[in-house]
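Chains as they are written, first to last, in our numbering: chain A, 1 to 293; chain B, 1 to 293; chain C, 1 to 293; chain D, 1 to 293.
Derived from the structure by calculation, the hints contain no laboratory data.
Mixed in with the good hints there might be a few duds.
Repeated chains share a single entry, so a pair holds when one copy, or any two copies, can fit it.
[As the list claims (entries may be wrong)] Okay, derived cross-link-like pairs now, DSSO-like style, lysine-lysine, Cα gap no bigger than 27 Å in a straight line:
1. 159 with 206
2. 162 with 206
3. 265 with 87
Protein chains: 4
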Amino acid sequence: MNFRTDLAIESIQSNKETISINSDEHRYGDVTVSKVIIDNQEISDKLGKPLGKYVTVEMPTLTEYFRASDERIKIISDEIKDLIPKKGLAFVIGLGNLEITPDALGPKATNSILATRHISGEISKSLGLENLRPVSVLSPGVLGQTGIEAVELISSIVKDLKPSCVIVIDALASRSLSRLGCTVQISDSGISPGAGVGNKRPLINKDTLGVPVISIGTPTVVDASTLANDIFYEHSENFDDKKEISCPNAEAMIVTPREIDLLIKRASLLIGMSINCALQPNFSPDDLQSLVS
Amino acid sequence: MNFRTDLAIESIQSNKETISINSDEHRYGDVTVSKVIIDNQEISDKLGKPLGKYVTVEMPTLTEYFRASDERIKIISDEIKDLIPKKGLAFVIGLGNLEITPDALGPKATNSILATRHISGEISKSLGLENLRPVSVLSPGVLGQTGIEAVELISSIVKDLKPSCVIVIDALASRSLSRLGCTVQISDSGISPGAGVGNKRPLINKDTLGVPVISIGTPTVVDASTLANDIFYEHSENFDDKKEISCPNAEAMIVTPREIDLLIKRASLLIGMSINCALQPNFSPDDLQSLVS
Amino acid sequence: MNFRTDLAIESIQSNKETISINSDEHRYGDVTVSKVIIDNQEISDKLGKPLGKYVTVEMPTLTEYFRASDERIKIISDEIKDLIPKKGLAFVIGLGNLEITPDALGPKATNSILATRHISGEISKSLGLENLRPVSVLSPGVLGQTGIEAVELISSIVKDLKPSCVIVIDALASRSLSRLGCTVQISDSGISPGAGVGNKRPLINKDTLGVPVISIGTPTVVDASTLANDIFYEHSENFDDKKEISCPNAEAMIVTPREIDLLIKRASLLIGMSINCALQPNFSPDDLQSLVS
Amino acid sequence: MNFRTDLAIESIQSNKETISINSDEHRYGDVTVSKVIIDNQEISDKLGKPLGKYVTVEMPTLTEYFRASDERIKIISDEIKDLIPKKGLAFVIGLGNLEITPDALGPKATNSILATRHISGEISKSLGLENLRPVSVLSPGVLGQTGIEAVELISSIVKDLKPSCVIVIDALASRSLSRLGCTVQISDSGISPGAGVGNKRPLINKDTLGVPVISIGTPTVVDASTLANDIFYEHSENFDDKKEISCPNAEAMIVTPREIDLLIKRASLLIGMSINCALQPNFSPDDLQSLVS
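The following block holds chain A by itself, in its conformation from the complex (with noise of 0.2 Å):
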């Protein structure tokens, strides 16, 4: 049994019994990352994660504040530097409903993104910013707000843009509350649109869209009728009758922390400032925020 979860380190874990895959695991300070490859299909279809690198970014909370010069920023902005083509423009894309809170992280991250592909020649030369890699930024929506798949929107706008890479950002979804704001997943597999609050889309990916697809993105929910079945599970762990339980109108429903509001500004914003400072290493971090802000 599958619970649903959009961490390929929790879907490995619940499967740890059957499937053996080798995690790569280092830690600085109090921040862990693990990387895990999946590259090979029958592992895939068993975690029900599409093949490619994943990396896990697990810290003690994000509820505090930070600044430019945080440490999880290089730590992040580092792994991302290490997935994305070094030069071309990138497209940066901000998934989710920007009025659904649990929902908003996408739209919010990307009003920390820095766009700079309009800034070019003499302009950027008179403002000291000369070498600016050229980036894009879009806030797409959701389906019900604008009649047209994230996919459908990206892929006709990526084949006049033609970035060297596409950056998506989206609100996950986990299994474990303990997760929720103090991981950050990047992978290179491609995205789901959506999955975050349980409305499964097509897929984002190289395949859909013809360049490289990096996605970041943090847990802010767990389903509540995924919180069921745990914590059924592992307080009746002798009896025989393992069955999955249903939870009347739990389908609608989601666990989040009770300031949900604060951590999606603080995810979107360390989402949004470690993007900047892996696509523009010329300049520093305090650079950037002022760009930004």
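Take the given structure of chain A and dock chains B, C and D to it, following the hints.
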């Protein structure tokens, strides 16, 4: 074992084997109104609910559009009218934190309340508003933002304002997912602000303020640990070893509908308009809505 | 001397001594609808307005509540209907910056547009929505946020989406304080996004997109320097030395109503609902409002 | 003729031919601090400014990023420190309407104020916060929303709270476009709330509250009619017929920077952090910022 709930009707339900209490029920189309009176200290203690009248309005869902003339507004405003004095200044207070979505019901509802205390004499005549009841409105914020307990702040103002009654709006916690956004509780028993998000504060009631206090709220969250216990017990009912289960991090976690922002928006409008209609019987719902917005 | 205005009716008024152009006027209660056609390149150049039809709806004020059944919605939606093709996908675009209040008209109005392109076949039947016209909706953001010109973005999407028409909503600049929030302009001449806040961008019109473009907007600001010149000329009309006066810092300054937030909220609702009614003639305004909110 | 301004420095400037008053000026880099004392009732009447000290901090612009350690925060907080009592509870009040962007400075600034009155004894020790000065915070809203004059509300609370001083934050009106967002005025003369948006209310000062009142504000708007008159007089100075000109609808109109939302965001952060630094000298700006956000 009493689970966490701010709804008297749920406390009574979960104690039905040991406590007998009469409930007076009426149906209006798909809306049910039930009334109980807790008039006995022993029962009050067992239920964990203060003495007083509790009116519970249950409807299919709030998750749809409603007009000023909606039948639900009429039903709720009639129940409010029954509990408040007919004359004199009404002081409407929206408890909770505007910055935390599931706790923002009170502040958002006060945005829909028509403040009228300052409209008097010649001005009210010239506006055709001579028959307005005087109303004042406040969102006192939460202790962490202000450093002042809500009851302390309200008490200072009540001493000088001398209202005939205080009407308090607050987000509630329910035990049941199916009640979120579908139940409105109206009571004359007073209120413990912050209960809806787990931070119990000093009571706001007739004893602490010296005037009648009517409270109105709708459940916006279920405690993650309440849900966990409920699910566990429901699914392990054949077993002897019923014990309270603990759920790591669950203290800080809540269960809400995915569309919590929408629920808050609609519930605050429903409650705000219902209070306006109860306080201004000389004006039609449509007129009141046009005066507010 | 042509002052800065996005309203054809004002350009014509300030050139009335040299240009003669017929205006067709109708009154509906306190609402006036006037229509002009600029069909001559010489006149177009003198007025600084592209060729096309311009419909101007003038009403006493927006600063009051209106219902879905408001007469103004009917009047404006009828004028929109006259300009758009009767069938096929309509693509509605809200230009402007959601984060800058006087420029947020477009993005806010799109929040009221009913997106329907994704509701089809069995789903639309089960919802009783078989007669919905397909509509898709986008707020492309502004160049400084995205690094992509709005016309570039829209053009890429139009190529794949193949709509029968594009409807563009944008905030406008007026020459006159008395027009702010009281005038709606509808045109088939295309639009230059950002004009309302002083940043001219490439045109969005039938030539650049390949499909009919209908634009709808309301003035939300007057340029501080336009106001300054207007006032100066009005009050010094006996004197010979009429010269353009300069006003330090005025470039970056705008004149708006104190209650600009309220104006934007109401105007975006009026325009959004008028577009819905024009696009979905099989549904009543009340039904459309309940589908949107 | 006195034009409308909330800045003492502008009143003095426009009366410089008839009134002589000493100003004490200091420069710190590109920041100028000037201090005047109005200690004479006749001069107070001529200037239309109450008796008291007025400190004006002028800087190039707020329209850029600043850090907790910004020199401007230090300069402003030093001036606040000079005017407030060294000990006892400080009560910080943010005047204005959160829903009207140019009037939201006060409420937004209070979001950055560290409330500490409720953190005491064991809790403050366990948090390492023993040396915090007690601070309470309130945004009382505006008369139209609450039906209660701000001074009435504050007065009731002050009687029970017994603070050693009240610090009031409010948006101001300036006569000059070039001052918007570039000037901070600090005064011990009290304040007339709503002045910044044209609705004069009863005074909030030591006489009405019984404790010292320090006010802090920045101009966010210029009255449209003030601007109109200024421009007219500047450009018609050779003519005899100087008369006050009227500007239709100008009463309800204001002149603001296009980026008024950004100005409010930055000015409220600057003022909020400066107050925190003035009230909590035992903590560094960085520590205070991390405690607030």
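Okay, the hints, checked on the actual structure:
1. 159 with 206: So residue 159 and residue 206 pass the 27 Å test inside a copy (13 Å) and across (21 Å) alike.
2. 162 with 206: For residue 162 and residue 206, both the intra-copy (13 Å) and inter-copy (25 Å) Cα distances are at most 27 Å.
3. 265 with 87: Result: close neither inside a copy nor across copies, 30 Å intra and 35 Å inter.
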